[in-house]
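From first to last, the protein sequence lines stand for chains B and W. Everything in the first sequence is counted per the working numbering, starting at -6 for the first residue and increasing by one. Everything in the second sequence is counted per the working numbering, starting at -6 for the first residue and increasing by one.
Warning: the hint list may mix true and false statements.
Which copy is meant is left open, so a pair is good if it fits within one copy or across any two.
Unchecked claim - Below, computed lysine to aspartate or glutamate pairings styled on DMTMM-like, alpha-carbon distance capped at 20 Å:
hint	residue 1	residue 2
1	Lys144	Asp96
2	Lys144	Glu81
3	Lys4	Asp96
4	Lys79	Asp240
5	Lys65	Asp93
6	Lys79	Glu143
7	Lys27	Glu190
8	Lys36	Glu143
9	Lys65	Asp192
10	Lys264	Glu82
11	Lys22	Glu155
12	Lys79	Glu141
13	Lys65	Glu143
These aren't lab readings, by the way, just hints derived from the structure by calculation. No experiment lies behind these values; they were computed from the predicted model shown.
Protein chains: 2
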Amino acid sequence: MTTSINYQQLKSPHLIIIGGGFAGIELVKQLSGKPIKVTLIDKNNYHTFQPLLYQVASGGLGPDAIAYPLRKLIGRIPNIAFRMAKVEEIQLENQLVRTDIGDFSYDYLCIASGSATNFFGNKELQENSMELKSIPQALDLRSKILQEFEKAVSGTESGKLERILNFVVVGGGPTGVETAGALAEIRKHVLPSDYTELDKTLMQVHLVEASERVLAAMSENSSQKAKEFLEQLGVKVHLKTAVQSYDGQLLKLSDGRTMETNTLIWAAGVKGEVPAGIEASNLGRGNRILVNGFNQINGYENAFAVGDVAFMSADEKYPNGHPMVAPVAVQQASLFAKNLQRKLAGQDLVAFRYFDKGSMATVGRHKAVLESFGIKMQGYLAWLGWMFLHLMLLVGYRNRLVVFVNWLWNYLSYQRAIRLITRPYTGKQSKGK
Amino acid sequence: MTTSINYQQLKSPHLIIIGGGFAGIELVKQLSGKPIKVTLIDKNNYHTFQPLLYQVASGGLGPDAIAYPLRKLIGRIPNIAFRMAKVEEIQLENQLVRTDIGDFSYDYLCIASGSATNFFGNKELQENSMELKSIPQALDLRSKILQEFEKAVSGTESGKLERILNFVVVGGGPTGVETAGALAEIRKHVLPSDYTELDKTLMQVHLVEASERVLAAMSENSSQKAKEFLEQLGVKVHLKTAVQSYDGQLLKLSDGRTMETNTLIWAAGVKGEVPAGIEASNLGRGNRILVNGFNQINGYENAFAVGDVAFMSADEKYPNGHPMVAPVAVQQASLFAKNLQRKLAGQDLVAFRYFDKGSMATVGRHKAVLESFGIKMQGYLAWLGWMFLHLMLLVGYRNRLVVFVNWLWNYLSYQRAIRLITRPYTGKQSKGK
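Take the sequences, apply the hints, and build the full model.
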């Protein structure tokens, strides 16, 4: 490729993208080769394919299967550079991004920093429960689960074996459902082969959901089926039940019941991961940045927010904001890339309209629910569809190949092969996104 | 499998194996189904295939490709159990192993705890250099290398770019040679694609070796060829050169020269990883446990040591002890398994004789040296042979498949795909084995 475009030589316009998630990498693809100087900033040097984090946590995949090096993506793209840095503050007035490796001036800004786990201000809960939003967190959870099994075998922890082998997942969205399903399959297939000394019936998996059904974003029919799948695998599903408190051992539920567990996985809420410097007046529900129909931040022509971190009420069908899912992020990023070029060409911006292609969740082997364009699938076909779509959505052929090989192996062997405590979990989980 | 043998019901004889390395897993295989109660203790829940650690460090393989869960190996073997525990002390007199999860009594003991990096008492060196003996260490090194590249791009560290991009490997054994070769290939193939902003000629790779040649265990011819391969890849090889001091930035060499580097990889020595409780009088050269020709510890009929941690001078061909390599460990473990059964049957023990099948090392793509049974191969064929043998030596079909897929991918793409800083290296490497 011969080109006159070069990041070092380009001076303006300079776009800074904060975050290499689904929106960030979509922007990289769309702006590749364009006469815009682009700097992508992320605190990690890789993109995380979050939908499969629960498979890392449950030992089905290694982190390298779902993480994609951002430099591999950006590599030789002439107009785009990557900087691994932690954003410390954004100064919208000064068009400045302050980071731990220095300050960056911009002409245009796109905040695509995604979301973090939401504990709704409950500090005790936050300190004692496990999150599942990043690779280190997924590895921590994998270690924690396996360490609990080891504790159960060695009999070193005083107290009931039931507490050690009791796993509680809170939140009936896709992450919660899929994590609970994976834990149930571990009980079914891994415990009997690896821990012959343990009575596998002592292991319990609970799924706690505050609303009336799991997978509330799907149809009632799919919710019902997902619940049935979970119960077939032996997961105890508690609907209309909220968590009142959890001190690391004792879990108190809203209906007065209590449960003892060493492991509570919190998948019951997310909130915008907003960089410092954005005024509170610009934040809406779920700590998300208020944007207009063009994803512009209130009062700033040149500052945008897209994806999970953005709250848009201008899309008629979604007056309460869009769901915090990957397709919204990708579509907003794609439109922003076009709008930026329209703006530079003096054209009017186009307003965002979310096009919902459907949703899906897998519970376990041959068990999934999928809804798309009016089609509803459940069971085996939905499960194949789920796998196919996730393979297509993964970034890069290598990761697709590695995930495929691992899935095939796990399917044939009924195993989750990566039962490694690479770094023991010591009680302090990597917090934040 | 129907069997009357059961770990819980078996009372004696009880064998404790310390360490799930090459010797440990060979013992598990050999003693599977035998009327002996066996407890394998390791502080990790996995076996580490150490010969490929350098490929994890250089981003060619993920940890799950070379680590094998010990419970997957032991699984349903009726007479063997695994305990994840740190050995705190061995009391040979009392036939007791004290660990962080409790005490274990034994009738027979086999210490197979392997080796640790030897800094020959140089504390400063130990604190400032990187080791490569365990999975966490390999991941730390991977992070460190990538973080140095990021530093070089961001220009945040004061001082010369040369120091940041200068990598020094100390020790010309297989680990040192292979690591230096991998770094040189990163310069050749990864730097130009991922770090287009950097001048790749600024990156230097040095290999420092105190003796007259690299791969001293091989023939002079192979040593010479390996050196040529390294130099073809651009590695600067310094023979007859020792490290005098290294403070984390300034490296002083024995010939008075100095070099600046942020990254020194120490592969210049190993020593026995001896559990506490073994008297100093029982330790020989390289901190290894003195054993007789049957691997028995001096003065104890029922306590054995095998592999790297054992020092045997009774094998006529090896009056100065055996090399600290996997084949010795496997052969000693295999003989010990037979000798234990002979002992239990009242038969005489058989003395150990090491059968050297040869050795090999790979420098880079199409570049390896291999010697076996008088055959000497160099270059392409040796490289194919090296890969084939390592695939065969890996534990478990899944790991073989995953390594094969990754190798094929890396070969075709000229990449090391796993360029992930999963956990940033913060300056404190996991020490010890």
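Status of the hints after comparison with the structure:
1. Lys144 - Asp96: between (48 Å within a copy, 15 Å between copies)
2. Lys144 - Glu81: between (40 Å within a copy, 18 Å between copies)
3. Lys4 - Asp96: within (16 Å within a copy, 68 Å between copies)
4. Lys79 - Asp240: For Lys79 and Asp240, neither the intra-copy (31 Å) nor the inter-copy (28 Å) Cα distance is at most 20 Å.
5. Lys65 - Asp93: neither (23 Å within a copy, 43 Å between copies)
6. Lys79 - Glu143: between (36 Å within a copy, 13 Å between copies)
7. Lys27 - Glu190: between (62 Å within a copy, 18 Å between copies)
8. Lys36 - Glu143: Result: close only across copies, 11 Å inter versus 34 Å intra.
9. Lys65 - Asp192: between (46 Å within a copy, 18 Å between copies)
10. Lys264 - Glu82: Only inside one copy: Lys264 and Glu82 sit 18 Å apart there, 49 Å across copies, limit 20 Å.
11. Lys22 - Glu155: This pair counts as neither: shortest intra-copy Cα distance 50 Å, inter-copy 33 Å.
12. Lys79 - Glu141: Answer is between; shortest inter-copy Cα gap is 16 Å, intra-copy 33 Å.
13. Lys65 - Glu143: between (38 Å within a copy, 14 Å between copies)
The structure fails to meet hints 4, 5 and 11 from the earlier list, while all remaining hints are met.
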